[in-house]
Structures are given as structure tokens and as C-alpha cells.
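Chemist: Protein chains in written order, with numbering that gives the first Met the number 0: chain A, 0 to 516; chain B, 0 to 287.
In short, the hints are calculated from the structure, not lab data. Incorrect hints may appear among the rest.
Claimed, not checked - Quick list of in silico lysine-lysine cross-link-like pairs, DSS-like style, CA-CA up to 30 Å: (1) A:K37 to A:K27; (2) A:K213 to B:K270; (3) B:K273 to A:K213; (4) B:K60 to A:K213.
As the list claims (entries may be wrong) - Now the in silico label distances, taken between C-beta atoms and shown as ranges: (5) B:Y274 to A:D95: 54 to 60 Å; (6) B:D243 to A:V413: 37 to 43 Å; (7) B:K138 to A:E39: 53 to 59 Å; (8) B:K237 to A:V413: 40 to 46 Å; (9) A:N510 to B:K270: 54 to 60 Å; (10) A:D342 to B:Y274: 38 to 44 Å; (11) B:E158 to A:L411: 28 to 34 Å; (12) A:H344 to B:D85: 54 to 60 Å; (13) B:K162 to A:D415: 28 to 34 Å; (14) B:K162 to A:A109: 54 to 60 Å; (15) A:D281 to B:N90: 38 to 44 Å.
Said to hold, decoys possible - Short derived list, chain B residues pointing at chain A, Cβ under 10 Å: (16) N49; (17) K139; (18) S182; (19) L232.
What you are looking at is a predicted structure, and each value in this text was computed from that prediction instead of being measured. Where a beta carbon is used, it is the ideal one built from N, C-alpha and C, also for glycine.
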Amino acid sequence: MELNLVFKTGRSAVVELTEAGKYYSDKKYELIVNDVRKIETETTVTSIYDLKPDTDYSVVALMEGKEVGRVDFKTDYEFVTLNVIDFGAYGDGKHDDTNAIQCAIMAAPANSRVLVPAGTYMISSIFLKSDLVLELAKGAKLSAYTDREKFPILPGEIQSYDETKEYNLGSWEGNPMDTFSAIVCGINVSNVVITGQGVIEGNTNFENWWNNCKVRNIAWRPRLFFINNCDHVTMQGVTVQNSPSWTIHPYFSRHLKFIDIKIKNPANSHNTDGLDPESCTDVLVLGTYISVGDDCIAIKSGKIYQAKKYQTPTSNMVVRQCCMRDGHGAVTVGSEIAAGVCDVHIKDCLFMNTDRGLRVKTRRGRGKLSVLDDISFENIDMDQVMTPFVVNSFYFCDPDGRTEYVGTRKALPVDDRTPAIKRLTFKNIDAKNCHVAGTYIYGLPESKIEELTFENINFSYAEDAKPGVAAMMLGCDEASRQGLIACNVKKLVLKNVNIEGNDGEAIIAENVDEIIR
Amino acid sequence: MIRDIKYENMLLESISKVEIKTKRDYARVISSLCALYDLAGDETVEKDLNKFLTIANEDLKAGLGDCVCVYGLGNALYKAYAIKQDEELRNQAIRIAANLFKQDRSELGHFVAKDGKLTPWQAYEIYPFYMNYESLDGKKEHYNDAIAQVRAYFNDVYEKSDKNFMDASTMLACLLDTCENTSQQLYEIFDELRGYARKVIADIKEKGYSKEDDANAANLAAYGIYKACRMKLVLAEKYEEVADSLFTKVEDVEDTKSLEIALISYVESLKTRKYQDYGRNIDLVVND
């Protein structure tokens, strides 16, 4: 075990105890800060608050009385603190504090922090700016209005004066469409940190944003957090909840970190994905807890128009030491992946009570730029996940989703509309209490999945395994206790795959060119 | 929005003077009245609208016929449905839409009339309706077919034509109305239609057409360009003045075609173009 520093600001630090568990530590332990302060923790990634700027700290991890790790660091320099109360915010849950907080943000010089102290601050949209540290203190809540007339609108596209380009601001489900600006919004900013123990509260329910939510009403629903064309943005420690739609939506952005975040939406809420990086690169999701009403993490790269125009996949993404639960998929790739997704690695995570563990959704018509490659899952524990791994190349979404073109199992000619899945790797996975199937993987017959590797995999089923539909595709019937099903794959590697309690054959491989055991 | 009530009354009075006997005529009159009613909700306009809806309904009871013009009537019924929310109007439109799937097609796949061709006006009748039907009642299942057809028609018929003023203006109106009925959730289709519309506007500009050449064509072009500005397909800052130079208030109308063109171009000229309203119906207060 080792104790590593993963992030710091002038007032906080995040440490990780390695080889100590998956999201939750195997044993409780203590962090002793400068020999004085004791913090008890049961997560592998822990934030330490109430530090002073430009100060040396030594943190020791003690487990059962023994030192298991130590890290020394110096907190960042801080010039000034701008307390939003000094800028006219009330924090009383009644006054509209949007302007006061925005004023503090715009006035903040480099190397400073904007502090939101304990209190409830009613806001509509606040906009980030470059070189900003925004701290939500313990007990601070940015509480969003739900009256749509209070929210600005981000137009989908604005044509350039020379008529050669479009400037894209708003986005809805992979297309450049008019959308209400997010509760916390960043456009073209860099070097931003949002930190603290506070909460960003969307206040959404079925009487407001989730009411009749499939229909555009003036503009499409806002996100809770949206950044467009931003870089070096970190969100650490905060809780974000009850989002009007996708919760955290980084869009065409780079060098992003989401550390020790808690993302919570009710299980029956609509489209409340947890974290949806879309056409982003260099993304780290570490020590984050996600429990939502749709996919926990959904990795995207837009629909056909955006893919053709910008050709920007989501790439170089790592998800570690996270807990994903209750949603439709723990980690989903798709369905808006027209520009592709590659180099994505999920490690040391816990998936609980989700419909699926990994879920890849694609279909004919996503386009030849839609290439999924080098996606791996390693060291994952799953419990009560209906079907741990689903790759669905016949996802019946969009208006033509149920047509012959999308649904036929016969090989069609490969053309500009055909997507591709190259390498998917699953190692050291322990999935208990499965219900529907261990794995349900369907490539396209005309564009098979190139390489699928399963190594050190254990699937076992719940005693009361419930039937369900493994994948949203035509011809996938309700079933339970199915084993490992793989279809339309070039190379299938099966090493030490153990399936216990299945009905029928443990492994069904159809139209697979090569199987290596 | 400053209405010219005198002009509106002149156009409304001409309804009783022009010949109205075919489905095409009913479509044009109903579309015109819907546009005017949508503007201000006048009771007298609604009365005329109800009257012609009744007449058209009776005509349709005798059969849909095999003229492409029935689709223009279908689209007019959809416009009336949007105003009146009468499900029977929508059901009639759906019945008409069933014919689309039996309509003849060219070798390239676009619709054709009995004579094996499709004039620009017939394209204007059929494609906005096809897209409207698909968006409202067809679950968008044939969006790909609709755009493939428009693509084929645009490339193989319009681009190879002499792009005379009326044909270009009609093509523009067809594209704009089709675009307006397309869900942006299939943005690549919306974008393709937008691209064609921009091309036609560029053609009209390049050819230097004016209202002196053909007032009807000019007004139809003005309708399309005003609408393109309003829908943010082109910059209002640059193109509004092009539309202004083409738009003219006519002194009289000789048939339902000129009536429809005069009314829809007039109504479109009054709508907000300088900013996107998002359906909020805001009225800016101007301080002089």
C-alpha cells in the first residue's frame, strides 16, 4: 500500500491509499494530518479540507494502528479569498444570489478563491471564468431555480459573418441544439477548480424539468454542470444532485478531473446520466460515487452531424476507484458515438445494482467515423448487476431504429454508415448475483468486433435471478441466467472464465472466427 | 409587427374573385388563411378558413384522386390542425399521406407525377407534406427516404435546370418548408436541407433577379429568404435586405397561386427575424 497525493488546492488535498480496496477501503483507516488532526475514512480516495494556503503538510495513513502510507506536500499559494457574502449574496434560500456570486467570480484575480460559505444560495445559471477556484464550503448549497424563464439559452449554432463556419454553444443528445444554460456553466475557459464539501442542487422533480421532458419547451433542458471547449477543469469533493437532465456534461473539452464527487439523482428520474464526457480527451474520474436514474458514466462523441464536422472522439480516459450504482449502465459507451471512443480504461471500481456493467450501444447508421477501440475493464467487483457486459450493435434508437436496415442479422455491405468496434478487454472481474446474462455481446456480421478478451472472470447468479432483456435490440428476448454469449467476433480470448449457476450452455459463441483459451 | 389591414382586406376579398375548384386551389386558400390567422387570430379569417375546410373535406370524400396536388392539401390540413387542434383534420392528412407510399418514383428515387416528372411546384406540394407527416405521425421512419429524395431532386432536377426565377423561388420555398417540418434531432438531415436552401438563395442573388422580372417569383423568393432569416439558416443582417428588395405588395391577384404567394410572403415579412424568439412571443420595447 502507498499513500499518494492526487490533487491539491490552497485549502484542500486529496489522497489515495493504493491497493486498499475498490472505492471503499477493505478496512477503515485514519489519516493523521501534521501529527495533530485525525480523519477517519473508509474510502480509498479521501479529501482533506480546512487546510491553509502555502503550508507544508504531512499526512500519515494508519490502519489498525500501523502506518501504511505517508505523503508530504505543500498547499498552493492563495492571493485573496472573495467571500460571496461580501459581494451581496444572502445565502438565505430566498434571495436570488446569482448576480452576487457571478460578480465575485468575475472579480476574482488569478491564484485566488471564490468562497461560498455555509448557506443556501438561490441561483439560475452561473458562469465560470478562467483561472478560478470556486469553493463550496461545508453546508453551502447552490440551489437552482426551476423556473425556465430565469435561465439563459445557449443557441445551438450561430453562423459566422463570412458564412463559412458555425459557432456551437448548446448541445442536446449529440446535436447542436438550443439548450438552457447549465446551473454551473463554463464556455471557453481554462484552469478552473470547483472544490469543497458543498452541494449543487438542481431541485428537479416531476412537477418541473422532468415534466413532459421529451418535448422541447422554449429550449432543451439544462444540465447541472456543462463546460464547452474548456481545458484544465477539475471538480473535486462536491455533491451534485437532482439534475434537470445529464448531470455533468463536459463537451469538446480537455484535461479534466472529477475527483471524489458524489452524483445523485433518483432512480426513476429521466435522462439524468451522471457524467457524460462528449468529444473530450484526457479525462480522469477518480474516487467518485454515482447513483442516478440513467447511465452512471456515458461516454459520447456526438451524432453524425457533429462527428463529420469536428471528428473529435472521446479518448484517453481513465475511471478508477469509483462506485457506480442503481443506473441503467455503470459505464456506457454510446449511443451518440459517431466520432468514436478510444483509449478508455476502467479500473478498480465497484458496480452495484445497475442494469448493466459495461454497456456499448451502437448501430448501423452511426457512420464510419464511429470507431470504438482500446476499451478495457480491469479489477471490477459487481454485485446485483443484471447483465455485466453488453455490447449491442443493433441498438434500436432514433426514428429508424426499428427498421430492417438497423435490425437485420444478415450481413449488409460495409459502407460509410457502418460503425466499427475493435478491441475490448475484460480482466479480473468478479460479478456476483447476476440476473439476466453474464455477457451479451453482438457485433455486426459485416463488421465484426475485432478482438474480445476475457481473462480471470467469475460470474455467478442471484438465487432469485430475475428475467430481463439483456440488450435493447430486436430479437433479444427476456431470459435469465444466461452465460457468456458472443456473436460476430473475429477473435475471442477466453482465459480462466468461470460461470456458476447458469441455465443452458455456459459459453455460446456464434459467428466467431477464432477462439483462444 | 405593423400590419397593413387594407392590404390584408384586399387579399381576403380577392378570395371571392379568383377561381377555386381544384384540390390545389383549396390547398392554396387554406394555407393562405392559416398563415393570416396565425398572425393575428382574426375572427373573419377563421370564418373563411372554416368555410374552405368544409368545402375541401367534401371534395375529399369523393376521393383523393391521383394528382400530386392532394399532398399540398394534406399539408394545408396539417397547418389548419395546428391552429384548430381538430383531430379530424389530422386524420384526413394521415389518409392523404398513405398515398405517398404508392406514389410513382423516378429512376433516381424521387417522387414523380403521372407524367413521369415533378415540377418545382409539385415538389413544393409534396416534400414539406412528406416531412410533416413523418415528423408528426410517421415516427420519422422515412426521414432517410425523404432526404434521399430531396437530394436526388435537387441534384438531378434543380441543379440541371436553367434555374429560372419562378423555379428557383419555388425550390427555395419547398426547401424552407421541408426544413421547417424536420426535427433537428436528425440534425444531419436538417443541415443538408439548410445547405440546399443556402445554395438556392445564392443562385437567386447571383442571377440578380428582381421584382420587375416577375412579381410572383419575387414574392415567393422573398418568402423563402425571410423565412431562412427567421429560422437562422442565413444571417438576417445580410439577407433581410435581399428579401426586402424582392418583396412587393401586389395590387391584385389573378388566381389562387398568386393569392397564396402574396399572402404568405406578406405574413412572413412581418415576422421577427432579428433575434430568435423561441416561441416566447416577446415584444421588444424600442426607446427612440
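Chemist: Restraint: N49 (chain B) near chain A, CB-CB cut 10 Å. Satisfied or not?
Modeler: 29 Å, violated
Chemist: If you check the beta carbons of D281 (chain A) and N90 (chain B), does the distance land in 38 to 44 Å?
Modeler: With Cβ atoms ~55 Å apart, the hint is violated.
Chemist: A range of 54 to 60 Å was offered for this pair. Does it hold for the Cβ distance of Y274 (chain B) and D95 (chain A)?
Modeler: 24 Å, violated
Chemist: CB of D342 (chain A) to CB of Y274 (chain B), is that within 38 to 44 Å?
Modeler: 42 Å, holds
Chemist: Cβ-Cβ distance between N510 (chain A) and K270 (chain B): within 54 to 60 Å?
Modeler: Hint holds: Cβ distance 56 Å, inside 54 to 60 Å.
Chemist: Double-check L232 (chain B) for me: the hint is only fine if its C-beta lies closer than 10 Å to a C-beta in chain A.
Modeler: 8 Å, holds
Chemist: Holds or violated: is there a CB of chain A closer than 10 Å to the CB of K139 (chain B)?
Modeler: 3 Å, holds
Chemist: How about S182 (chain B): closest beta carbon in chain A under 10 Å, or not?
Modeler: It holds, given that the least Cβ distance between S182 (chain B) and chain A is near 8 Å, below 10 Å.
Chemist: Would you check the hint for K273 (chain B) and K213 (chain A), treating anything up to 30 Å between C-alpha atoms as holding?
Modeler: 29 Å, holds
Chemist: Compare the distance between the alpha carbons of K60 (chain B) and K213 (chain A) with 30 Å, and conclude whether the hinted pair is satisfied.
Modeler: 36 Å, violated
Chemist: When you take the CB atoms of K138 (chain B) and E39 (chain A), is the distance between them in 53 to 59 Å?
Modeler: About 56 Å separates the Cβ atoms of K138 (chain B) and E39 (chain A), which means 53 to 59 Å holds.
Chemist: Honestly, do H344 (chain A) and D85 (chain B) meet the 54 to 60 Å range at C-beta?
Modeler: 57 Å Cβ-Cβ, so the 54 to 60 Å window holds.
Hint compliance for this structure: hints 4, 5, 6, 15, 16 are not met, and every other hint is.
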